[in-house]
Amino acid sequence: MDDEKIAEMDRKIEALREMVQEVIDSAGDIEAVRRNAKRILASVKMLELNICDIAPRT
Amino acid sequence: MAHQMNTYWNPILETMPRERLRELQFRKFKRIVEYAYEHSPFYRRLYGAAGMEPGDIRTFEDIVKVPKTGKGMLRQVQENPPFPYGDILSVPLDEVVEFRQTSGTTGVPVYQADTWQDWEWWSECWSYILYAQGYRSSDRVFLPFGYNIFVAFWAGHYAVEKIGCEIVPGGVLDTEGRILKMQELKCTAFMATPTYVLGMADTARKMGIDPARDLNIQRITCAGEPGASIPATKKRIEEAWNAKVYDHVGATEIGAWSYECLAQSGGLHVNDAFFLVEIEDVETGEIIDTPGKTGKMVVTAFDRLAKPCIRFDSKDVIRWSDSACECGRTFRMIDGGVVGRVDDITKVKGVLLAPTAIEEVVRSIPEIGNDYQVTVTKKGDIDAIHLEIEMMPGMEAKQEEVLGRLKDQLRVRVNLGFKITVHPFGVVPRYEVKAKRFKDLRKH
Chain P
1 MDDEKIAEMD
11 RKIEALREMV
21 QEVIDSAGDI
31 EAVRRNAKRI
41 LASVKMLELN
51 ICDIAPRT
Chain X
1 MAHQMNTYWN
11 PILETMPRER
21 LRELQFRKFK
31 RIVEYAYEHS
41 PFYRRLYGAA
51 GMEPGDIRTF
61 EDIVKVPKTG
71 KGMLRQVQEN
81 PPFPYGDILS
91 VPLDEVVEFR
101 QTSGTTGVPV
111 YQADTWQDWE
121 WWSECWSYIL
131 YAQGYRSSDR
141 VFLPFGYNIF
151 VAFWAGHYAV
161 EKIGCEIVPG
171 GVLDTEGRIL
181 KMQELKCTAF
191 MATPTYVLGM
201 ADTARKMGID
211 PARDLNIQRI
221 TCAGEPGASI
231 PATKKRIEEA
241 WNAKVYDHVG
251 ATEIGAWSYE
261 CLAQSGGLHV
271 NDAFFLVEIE
281 DVETGEIIDT
291 PGKTGKMVVT
301 AFDRLAKPCI
311 RFDSKDVIRW
321 SDSACECGRT
331 FRMIDGGVVG
341 RVDDITKVKG
351 VLLAPTAIEE
361 VVRSIPEIGN
371 DYQVTVTKKG
381 DIDAIHLEIE
391 MMPGMEAKQE
401 EVLGRLKDQL
411 RVRVNLGFKI
421 TVHPFGVVPR
431 YEVKAKRFKD
441 LRKH
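Quick note, the sequences are listed as chains P and X, same order. So that you can map any letter, position 33 of the first sequence is 33 in my numbering, and since no number is skipped, the others follow by simple counting. So that you can map any letter, position 270 of the second sequence is 270 in my numbering, and since no number is skipped, the others follow by simple counting.
Calculated directly from the structure, the hints in this document are not laboratory data. Note that the structure is predicted; figures quoted are calculated from it, not measured. Wrong hints could be hidden among the right ones.
Stated by the list, open to error - Quick list of simulated restraints, FRET-style, between CB atoms:
#, chain 1, residue 1, chain 2, residue 2, range
1, X, S137, P, E31, 31 to 37 angstroms
2, X, K434, P, S43, 28 to 34 angstroms
3, P, S43, X, V172, 26 to 32 angstroms
4, X, K436, P, E8, 51 to 57 angstroms
5, X, V433, P, M1, 39 to 45 angstroms
Note that CB positions come from ideal geometry on N, CA and C, so glycine has one too.
Bound-form chain P, shown alone:
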């Protein structure tokens, strides 16, 4: 896989993290949202370990 495709995935994963974090920030006292969104962040972290850690940095 070329660096450009890795960089593209990296950007999307970063956007995913931001989006999930925004959901957590706006969840207030809705535990069902906060807890499930935090679990999603753990999965996002696995994407980061597999892709973002090796994405080319400018």
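Position chain X relative to chain P; hints supplied.
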């Protein structure tokens, strides 16, 4: 369908050129040291006492300057708050969602904390292992272990789910019940210690079920003991089950750091993207980078956060392999798996002895049963080593000829004279999960 044909869980990391992998390892090592220094009072004290700060790590070669950790330290730090982990804990206690502990065979158990992200990481590491061993979504995987406080195959369970296989948890069933369920559901794979895998085969045969003929198992992942990397033991298991057997090594405090792949090339890959494995000369403490020379493993898990594992002295004895694996992975290989433990490798009559060498000889003789026991004692100033074996049922008439062969092979392979006792089948102690076949009574 194309996804079924992939060889790698992550082809980018698993086939990355070595120099890029090394650069990745350095970046990740620095990252975990900085994190631990920032979040763990234990690590801050450890590094402070050594006059070190994370910024001092400027090159890969600086890594050896970072103080090692060991099991004794982990036990000691547990006496500090917060209960029960101590101040090595690097996240708020309410972030911890999983408790496991070590078996405590060498002392007080070490308590292991994991966050949900750590738990995802565990199953990610196991996904690398199982995918490399051919597990795919078409597999129905049986897990015959007691789901309890030991980490054992827990992460294997979640990796099976992540890969998309079907999991059949055989936790509370007894061995007979597990075999019947595996047969009923036509399970294609399972995971257990080598001792238990061989014991299951014995039990199945007593039930009139031949695992090689009557069950549908195609692959078995072994862990917890070195057996699956001992060629004679691997052969016994593969013949008993008519299945491929793959080794994996991990530890509660470390994670799932190594695995055999489909190529079965005589060694285990280190997951270099998630772990840094160093081999240290037991005598001099020098780092061994050349293949073939054994030393003890010092290991770092790059991404485990609740209780970071940095330069942990595992006491596992390993050596680098000098051959590349035909699977195409660039992850380094250790030759023949974990050779032993620093604590187990001992001098008997002045000869350095690894218990795995005895197992290799005993299990290479098909007329000898799976179970055996070795006891080392001292009479006056002289060491004595006693090997107790059993003949396989129906092989009793060959006892004298087999004994001669066994003595010859032990002399060649281990370079020691043994007192050997042959028992009727079923007398030598059986072990359910991990076997303790080597007893050195000189230490007591």
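Check the structure against each numbered hint from earlier and tell me which ones fail, lowest number first. none
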